[in-house]
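Undergrad: Read in order, the letters of the sequence shown are residues 1 to 900 in the numbering used here.
I should point out that these hints are in silico values taken from the structure, not numbers from a laboratory. We put the beta carbon where it would ideally sit given N, CA and C, even for glycine. Misleading hints may appear alongside valid ones.
For lysine to aspartate or glutamate, the following DMTMM-like pairs were computed, each having C-alpha atoms within a straight-line distance of at most 20 Å [what the hints assert, rightly or not]:
hint : residue 1 : residue 2
1    : 609       : 626
2    : 362       : 433
3    : 758       : 799
4    : 891       : 799
Just the calculated beta-carbon pair ranges, DEER-fashion [stated by the list, open to error]:
hint : residue 1 : residue 2 : range
5    : 664       : 760       : 27 to 37 Å
6    : 343       : 208       : 54 to 64 Å
7    : 432       : 15        : 55 to 65 Å
8    : 768       : 351       : 20 to 30 Å
9    : 763       : 218       : 21 to 31 Å
10   : 38        : 274       : 22 to 32 Å
11   : 814       : 432       : 40 to 50 Å
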Amino acid sequence: MKIIFNIDYKTVFGEELVLNILGTDRKGTVKASQFRMSTLDGSHWTYQMNKAQSQLPEVMDYFYSVDCSGHEQRHEWSAEAHRLEINVLKGLQYRVYDRWIDIPEDAYLYSSAFTDCLSGRSVKPVEKCGYGKTVRLKVRAPQLLGDCCMAVSGSCKALGAWNAQEAVRMTEHNYHEWVVDLNADDFEDNKVEFKFVAVDARYGSADPTWETGLNRTVTLPEMREGDVVVYELSQAFLPIYNRKVAGTLVPVFSLRSKSSFGVGDFGDLKLMIDFVAMTGQRVLQVLPLNDTTTTHTWTDSYPYSCISIFALHPQYVDLRQLPLLEDEAERKRYMALQKELNGLPKVDYERVNNAKTAYLKKIYEQSGKTIVASSGYKKFFKEAEQWLVPYAQYCYLRDLHGTVDFSEWKGHETWNEAERKMLSSPKNKAYKELEFYYYVQYVLNEQLEAVHAYAKSKHVILKGDIPIGVNRRGCDVWMEPKYFCLDSQAGAPPDNFSVNGQNWGFPTYNWDAMLQDDCHWWVRRFRYMSKYFDAYRIDHVLGFFRIWDIPIDCVNGLMGQFSPSLGMTREEIEAYGLHFQEELFTRPFIADWVVDRMFCEYADEVREKYLEKAHDDIYNLKPEYDTQRKIEAAFIGKTTDKDTMLRDGLYALASNVLFVRDRKDTNKFHPRITAQFNLMYEALYDSDKDTFNRIYNDYYYRRNNQFWYREAMKKLPKLVQSTRMLVCAEDLGMVPDCVAWVMDELRILSLEVQSMPKSPEVRFAHLAQNPYRSVDTISSHDMPTLRQWWDEDRERTQEYYNTMLQRQGAAPHPLPGWLARDIISRHLASPSMLCVLSIQDWMAVDEQLRLADKDAERINVPANPCYYWRYRMHVNIEELMQNDDFRENIKQLIAESDRK
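Please construct the entire structure, taking both the sequences and the accompanying hints into account.
TA: The following block contains the structure:
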């Protein structure tokens with residue numbers, strides 16, 4: 001059989017087109033086989049494939065790319081590739097005429113969030129046909145509403161003679177791509193004139209919708225018996241409807257039902273889906289669900305510090321779905337414990353996790369053999385083996401040694417791939433030691449996959465969260481250390497959340513190593529997540545442009561620098577007019593007046609205990625206190641107000657510099673973030689301050705824009721096109737201009753928070769200016785709730801009340817329910833595709849329902865790196881569903897905003 005691929009694409013000298021045919025290897029990994037195409041004019045490219053039909057797949061998915069000197073310059077949108085069925089019974093030669101497909105403006109309509117959840121679409125293969133000469137037409141029509149299908153009608157009888165009722169119906173063989181096979185012998189001449197028309201899929205009486213514009217025509221080539229000619233045509237010209245939906249954000253651990261075990265679980269998640277669906281919402285967003293267990297204490301409650309990008313946290317297992325304990329006394333004890341823990345106002349992380357782990361071990365001992373012998377378990381093990389085996393051994397060694405510092409695991413300091421076979425065989429003792437961890441992950445996987453399927457059946461989009469970092473002592477680092485830089489810490493520069501910046505403690509990524517294998521680590525992560533979710537939030541998307549890289553000896557984020565970034569040479573700095581005094585500007589500036597200003601009555605004590613004289617009135621920190629980590633260690637256990645003041649003052653001294661040295665090139669420098677607030681800056685002459693400000697503004701807001709754009713485009717296209725999940729990003733903070741360029745180019749939804757406007761020219765964002773491709777929200781898990789924000793800064797609230805809400809007089813405090821409803825209704829009316837509000841903000845509209853203590857609703861305080869994540873809803877989900885007033889209030893708000 002012969003297949004001839006044709007595509008028109010204008011290249012320049014040195015470029016050539018490559019045909020990439022997708023397939024899977026034995027491990028199920030998607031890979032592309034590449035075939036270089038040929039051309040005579042640099043515009044029309046072709047490739048001829050000669051193979052026996054038995055060697056060809058029934059369905060061939062492929063995409064085109066542009067290669068220059070062995071390097072890929074660009075490629076088509078690969079989230080939905082070209083599709084060719086080899087299904088014509090008499091077909092001997094296929095001539096395929098394709099079109100180059102960039103990421104379409106309406107790419108979101110192809111996401112599983114829209115196709116599988118909102119529309120409930122399904123695809124099916126093209127039926128086999130026996131024509132001697134076959135013409136195949138393909139067209140994409142993502143605008144179609146759920147009950148419509150595409151048909152083709154034309155001037156000839158074979159196409160219904162322009163009668164929509166007689167139009168030839170097409171098959172949706174790929175999401176939003178329709179195809180029909182026609183008998184070429186039925187056409188009266190070789191020029192075919194036609195149009196596409198949307199008709200009722202159920203043969204009802206709904207009026208057909210014809211595409212606009214001129215009639216389409218194709219001129220058929222001379223065809224012989226066995227020829228199949230395939231035309232991929234431009235998208236159907238049908239109206240586009242900007243569908244908007246509403247949803248709720250709630251951490252799974254915060255869910256509460258009548259029978260949960262002191263923490264939200266996957267059974268509660270199903271109940272929450274019911275509540276979301278019955279109130280007219282279409283999105284349920286959760287925080288990361290990955291395992292975070294390192295110490296078995298409450299410090300593991302931080303959901304963004306995962307030890308595995310694949311493993312789920314055992315705390316989310318729904319014990320109700322497991323077999324009952326056979327021991328009646330134990331069963332009664334756990335029932336009593338369940339009632340006790342479930343009655344607590346907040347999550348008791350340690351007691352809950354200890355109890356659930358003990359329960360799982362008892363069930364495993366009781367019925368584990370049956371489970372691990374099942375076909376479902378074996379299938380899961382085979383699919384997950386790549387990450388599951390190292391994860392289980394990591395957990396075993398962690399618990400055996402009582403530490404996650406794997407440098408202390410003698411003989412197991414890193415994962416040894418040679419041990420995989422032994423740990424994967426049930427006949428080995430080593431396997432038996434790990435089998436419990438395999439079993440737990442299987443149970444969690446089964447439960448969450450069932451939740452995902454249930455959400456789709458209810459037309460609810462389950463939206464997950466992909467953390468930007470991983471725990472530096474986690475399994476991912478232990479297994480593949482080449483992908484991480486362990487001599488630095490990831491964080492964020494100072495912002496509204498933290499004046500000293502955020503130090504998350506995560507290792508930064510070795511992007512050079514990751515890019516060498518096309519970001520395979522990230523692609524695997526995204527694809528695995530698509531098992532459970534149809535939309536996701538990229539946490540701190542700015543990290544794919546540049547990360548805030550903090551030295552390992554720092555506690556806060558002030559001494560960080562963007563990595564990668566274009567550091568400045570001495571000559572560049574001096575070209576601005578600032579005489580660069582390297583020693584003065586890069587070492588902590590500690591003068592007598594600085595010490596007096598910062599420590600007041602304790603100044604002499606600080607000089608004597610923590611400082612040593614350098615010269616004149618200038619000091620250095622003593623060697624035992626010359627880094628923030630050393631200072632932190634010196635004050636462990638000291639909690640008086642004086643000790644806290646001294647510690648924080650010494651932290652400030654250690655970061656009292658004007659420039660930080662580049663971590664990779666010691667001859668380059670970066671202006672220290674927010675240096676204008678430190679005392680080194682205050683010591684400058686006014687003219688030098690002005691010059692430094694120009695350097696600072698150029699460096700942070702102009703110098704790196706193009707560079708960071710290129711860095712992001714090396715990574716993000718591979719990731720966002722690896723699945724059909726709807727891509728949303730958290731793009732808050734110190735956002736360079738290039739972020740908007742990339743997000744628009746890749747069709748990523750932005751996050752819009754009215755109290756954190758993207759424009760520096762306004763205090764509050766105007767909701768009517770939100771882009772359609774965005775997620776609108778009032779507060780996130782890192783922010784105060786609406787009620788907290790309302791009382792946090794009364795001057796700010798008053799301005800918002802008068803200018804944004806257009807209300808006269810004094811703003812009422814605390815926030816009344818009717819006003820919370822008004823604020824929410826305005827957000828729902830915004831142009832944003834998604835409006836997702838936290839459960840706390842939804843409940844703010846009902847003064848009888850909401851929690852009396854608004855401060856108890858806070859999920860996280862980013863300025864506190866050791867925050868205890870333990871917020872729980874104060875009412876059961878069952879009670880929410882039975883609360884007619886609250887339920888109807890939400891339903892009415894959503895109906896009024898036309899979000900459905």
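Undergrad: If a hint holds in the structure, say so; if it does not, say that too.
TA: The hints, checked one at a time:
1. 609 to 626: Holds, at roughly 12 Å.
2. 362 to 433: holds, 15 Å
3. 758 to 799: holds, 18 Å
4. 891 to 799: With a Cα-Cα distance of about 30 Å, the restraint between residue 891 and residue 799 is violated, given a limit of 20 Å.
5. 664 to 760: 27 to 37 Å: holds, 31 Å
6. 343 to 208: 54 to 64 Å: holds, 60 Å
7. 432 to 15: 55 to 65 Å: holds, 57 Å
8. 768 to 351: 20 to 30 Å: violated, 48 Å
9. 763 to 218: 21 to 31 Å: Hint violated: Cβ distance 57 Å, outside 21 to 31 Å.
10. 38 to 274: 22 to 32 Å: violated, 58 Å
11. 814 to 432: 40 to 50 Å: Violated, since residue 814 and residue 432 (Cβ atoms, about 58 Å apart) do not stay within the stated range.
In this structure, the hints that do not hold are numbers 4, 8, 9, 10 and 11, in rising order.
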